[in-house]
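Throughout the sequence shown, residue numbering follows our numbering, covering 6 to 120 in sequence.
Because the hints were derived from the structure by calculation, they are not lab data.
Each residue gets a CB set at the ideal place from its N, CA and C atoms; glycine is no exception.
Don't take every hint at face value.
FRET-style restraints, in silico, Cβ to Cβ [what the hints assert, rightly or not]: (1) R64 - A34: 14 to 24 Å; (2) V35 - L102: 33 to 43 Å; (3) E38 - K74: 29 to 39 Å; (4) I83 - D61: 33 to 43 Å.
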Amino acid sequence: MGRIAHQRQGNKLTEVDPRDHGYNPEQDAVACEMEPGDILVWHQNALHYSGPNRSDKQRIGLAGTFIAKRDVPWMRAIRPGNKYLDYLPVCENGHPLDLPKEFLIDEDQILAMAS
Numbered sequence: 006m007g008r009i010a011h012q013r014q015g016n017k018l019t020e021v022d023p024r025d026h027g028y029n030p031e032q033d034a035v036a037c038e039m040e041p042g043d044i045l046v047w048h049q050n051a052l053h054y055s056g057p058n059r060s061d062k063q064r065i066g067l068a069g070t071f072i073a074k075r076d077v078p079w080m081r082a083i084r085p086g087n088k089y090l091d092y093l094p095v096c097e098n099g100h101p102l103d104l105p106k107e108f109l110i111d112e113d114q115i116l117a118m119a120s
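Make a model of the complete structure from these sequences and hints.
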């Protein structure tokens, strides 16, 4: 399992079909069994899939993306309608709080916490 490579076509970056590079979904797949309330995080270029919901309960999915500052110019070029934040917002009851800048977390702090 790994990330999808990108290649340049003219002035655009495109995704490469992983099947063209020896990817075998049946052999390389990793099952991630999760409990209610669990969260799974993966790299944005990693292939991922969720099977059908066969229960009688509703399943909710939420997609969020962390983009490194160095990738923002590239992302703005391919997805100009997206909103990009300099800091991770702090929310209460689903609404961002208006906090002074020194209370917000930037990319360097996130990377430091992850190491």
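- Taking the numbered hints from earlier one at a time, note which ones the structure violates and give those numbers from smallest to largest. none
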